[in-house]
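A.B. asks: Each chain, letter by letter, is given below.
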Amino acid sequence: MAEVRIDCMYEACPIPLIKALKKLNNMKIGDVLIMETDHSCSITNVIEWAKKQGHEVDYAEVADGEWEIYIEKRR
Amino acid sequence: MSSSKIQELKKNRQLNYKGKKNQLKYGLIFIMIVSFIYLYLFRNNFIYSIIWLLGLFIGFTLQKSRFCFTASFRDPIMVGSTSIFKAVIIAFIISTVGFAIIQYKSLGGNIDTDIMKIPGQIAPVGVHTALGAILFGIGMVIAGGCASGTLMRIGEGFILQLIVLIGFVIGTLLGARHFEFWDKLFISKSPAIYIPHYLGFPLSITIQILVLIILYYIADWYDKNNNMMAM
Numbered sequence: 001m002a003e004v005r006i007d008c009m010y011e012a013c014p015i016p017l018i019k020a021l022k023k024l025n026n027m028k029i030g031d032v033l034i035m036e037t038d039h040s041c042s043i044t045n046v047i048e049w050a051k052k053q054g055h056e057v058d059y060a061e062v063a064d065g066e067w068e069i070y071i072e073k074r075r
Numbered sequence: 001m002s003s004s005k006i007q008e009l010k011k012n013r014q015l016n017y018k019g020k021k022n023q024l025k026y027g028l029i030f031i032m033i034v035s036f037i038y039l040y041l042f043r044n045n046f047i048y049s050i051i052w053l054l055g056l057f058i059g060f061t062l063q064k065s066r067f068c069f070t071a072s073f074r075d076p077i078m079v080g081s082t083s084i085f086k087a088v089i090i091a092f093i094i095s096t097v098g099f100a101i102i103q104y105k106s107l108g109g110n111i112d113t114d115i116m117k118i119p120g121q122i123a124p125v126g127v128h129t130a131l132g133a134i135l136f137g138i139g140m141v142i143a144g145g146c147a148s149g150t151l152m153r154i155g156e157g158f159i160l161q162l163i164v165l166i167g168f169v170i171g172t173l174l175g176a177r178h179f180e181f182w183d184k185l186f187i188s189k190s191p192a193i194y195i196p197h198y199l200g201f202p203l204s205i206t207i208q209i210l211v212l213i214i215l216y217y218i219a220d221w222y223d224k225n226n227n228m229m230a231m
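Going down the list, the protein sequences come from chains A and B. Following the UniProt record's numbering from start to finish, the first sequence increments by one per residue and tops out at 75. Following the UniProt record's numbering from start to finish, the second sequence increments by one per residue and tops out at 231.
A hint or two may mislead.
Below, in silico cross-link-like pairs of lysine to aspartate or glutamate (EDC-like), each with a Cα-Cα straight-line distance of 16 Å or less [as the list claims (entries may be wrong)]:
(1) B/K10 <-> A/E56
(2) B/K10 <-> A/E68
(3) B/K21 <-> A/D58
(4) B/K86 <-> A/E48
(5) A/K52 <-> B/D220
(6) A/K19 <-> A/E68
(7) B/K18 <-> A/E66
(8) B/K10 <-> A/E36
(9) B/K10 <-> A/E66
(10) B/K11 <-> A/E68
(11) B/K10 <-> A/E11
(12) B/K11 <-> A/E61
(13) B/K5 <-> A/E3
(14) B/K18 <-> A/D64
(15) B/K18 <-> A/E61
(16) B/K224 <-> A/E48
(17) B/K20 <-> A/D64
(18) B/K5 <-> A/D58
(19) A/K51 <-> B/D223
(20) B/K5 <-> A/D38
(21) B/K20 <-> A/D38
(22) B/K20 <-> A/E66
(23) B/K20 <-> A/E61
(24) B/K11 <-> A/D58
(25) B/K10 <-> A/D31
(26) A/K23 <-> A/D7
(27) B/K21 <-> A/D7
Bear in mind the hints are in silico, worked out from the structure with no lab data behind them.
Generate the whole structure from the sequences, applying the supplied hints.
C.D. replies: Put into structure tokens, the structure is as follows:
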């Protein structure tokens, strides 16, 4: 399993989502994408999208006002 | 619902996070300033003090609910998700009922009063409405937020949108300066339409709510049947 990290700090919607989509396209099933973001709207935005696509997804606050979103590619 | 891989990553990451900084003193200072402004307004201008409170509550709700007008109109097209769009429709339904009560009371049964005297934003509709909507739509998607969303995110500490706010102020000032030009060109020639004038009060409110409910179901159906940007 590979881990891919993308930096979406200081980027507003919908840039984080587009970045995640482009990265996920080049990943294998079972790989995990880690998104770093400080945009709280991305959490709702990206998580809703990833769930709808059928991926495993979760997030954690890693510092004050900074989050990591984990997406495991499922298909 | 996350997998074991994700759980492990999350656990490792959170071991390094020592928990949030205590922001209690900032909160207390903030509450003091807010109440001071409220008391000042309460003594000098009662209406402003109510608006101040409403503004604070709206800001709080916006931040906690992640309500975003930009996302509500962008996401259906970009990712085929209409959850926020549906929230906007529900908000429209609630405000339709609210405004119906306010306007009904203010009209006092006399439906043919001057449109400008009816409470609410009843403005002339015409080409300028569509043109402005397109311009605003392009702008808000690029900027990542409409007016309320931008302000809410600045308050939250999202620095990027300070630049958006500067642009917003410049745009508003230019708009106010050139308003006369647009007014002569389009706005003054367009009619202001108040549907209850033609259909009566109960019928027009019922139709508006029905249309909104139909839109809600269309949005719900669209969400289930569209997976844009799918892989």
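A.B. asks: Each hint should be assessed against the structure and marked as holding or not.
C.D. replies: Here's how the hints hold up against the structure:
Our distance criterion of 16 Å between C-alpha atoms is met by B/K10 and A/E56, whose separation comes to about 13 Å. Proximity of B/K10 to A/E68 is assessed by CA-CA distance (about 9 Å); at most 16 Å being required, the pair is judged to hold. At most 16 Å may separate the alpha-carbon atoms for a hinted pair to count; B/K21 and A/D58 exceed this at roughly 23 Å. Note on B/K86 and A/E48: the hinted pairing holds, with a Cα-Cα distance of about 14 Å set against a maximum of 16 Å.
At most 16 Å may separate the alpha-carbon atoms for a hinted pair to count; A/K52 and B/D220 meet this at roughly 14 Å. In summary, the hint linking A/K19 to A/E68 is supported, as the alpha carbons are separated by about 14 Å, within the 16 Å threshold. Only pairs whose Cα atoms come within 16 Å are accepted, and B/K18 paired with A/E66 is accepted, the gap being roughly 13 Å. Distance check on the hinted pair: B/K10 and A/E36 sit about 13 Å apart at the alpha-carbon level, within 16 Å; holds.
Between B/K10 and A/E66 the alpha-carbon distance is near 14 Å, which keeps this suggested pair within the 16 Å criterion. Restraint check for B/K11 and A/E68: satisfied, since their Cα atoms lie roughly 12 Å apart, inside the 16 Å limit. Restraint check for B/K10 and A/E11: the C-alpha separation of about 22 Å exceeds 16 Å, so the hint is violated. For the proposed pair B/K11 and A/E61, the alpha carbon gap of about 11 Å is at most 16 Å, so the pair holds.
Distance hint between B/K5 and A/E3 is fulfilled; the C-alpha atoms sit about 10 Å from each other, no more than 16 Å. A hinted pair counts as satisfied when its Cα atoms are at most 16 Å apart, and B/K18 with A/D64 qualifies at roughly 10 Å. Proximity of B/K18 to A/E61 is assessed by CA-CA distance (about 11 Å); at most 16 Å being required, the pair is judged to hold. Using a Cα cut-off of 16 Å, the hinted pair B/K224 and A/E48 holds, with the two alpha carbons roughly 13 Å apart.
Using a Cα cut-off of 16 Å, the hinted pair B/K20 and A/D64 holds, with the two alpha carbons roughly 6 Å apart. With a CA separation close to 11 Å, the supplied pair B/K5 and A/D58 stays within the 16 Å bound. A C-alpha spacing of about 13 Å is found between A/K51 and B/D223, which places the hinted pair at or below 16 Å, so the restraint holds. Restraint check for B/K5 and A/D38: the C-alpha separation of about 23 Å exceeds 16 Å, so the hint is violated.
Pair hint B/K20 plus A/D38 holds up; C-alpha atoms about 15 Å apart against a cutoff of 16 Å. Straight-line distance between C-alpha atoms of B/K20 and A/E66 comes to about 11 Å, which keeps the hinted pair within the 16 Å bound. With a CA separation close to 9 Å, the supplied pair B/K20 and A/E61 stays within the 16 Å bound. Note on B/K11 and A/D58: the hinted pairing holds, with a Cα-Cα distance of about 12 Å set against a maximum of 16 Å.
With a CA separation close to 15 Å, the supplied pair B/K10 and A/D31 stays within the 16 Å bound. Only pairs whose Cα atoms come within 16 Å are accepted, and A/K23 paired with A/D7 is accepted, the gap being roughly 11 Å. Of the supplied pair hints, the one linking B/K21 and A/D7 is violated, its CA atoms being roughly 23 Å apart against a limit of 16 Å.
Hints 3, 11, 20 and 27 from the list above are not met by this structure, while the remaining hints are.
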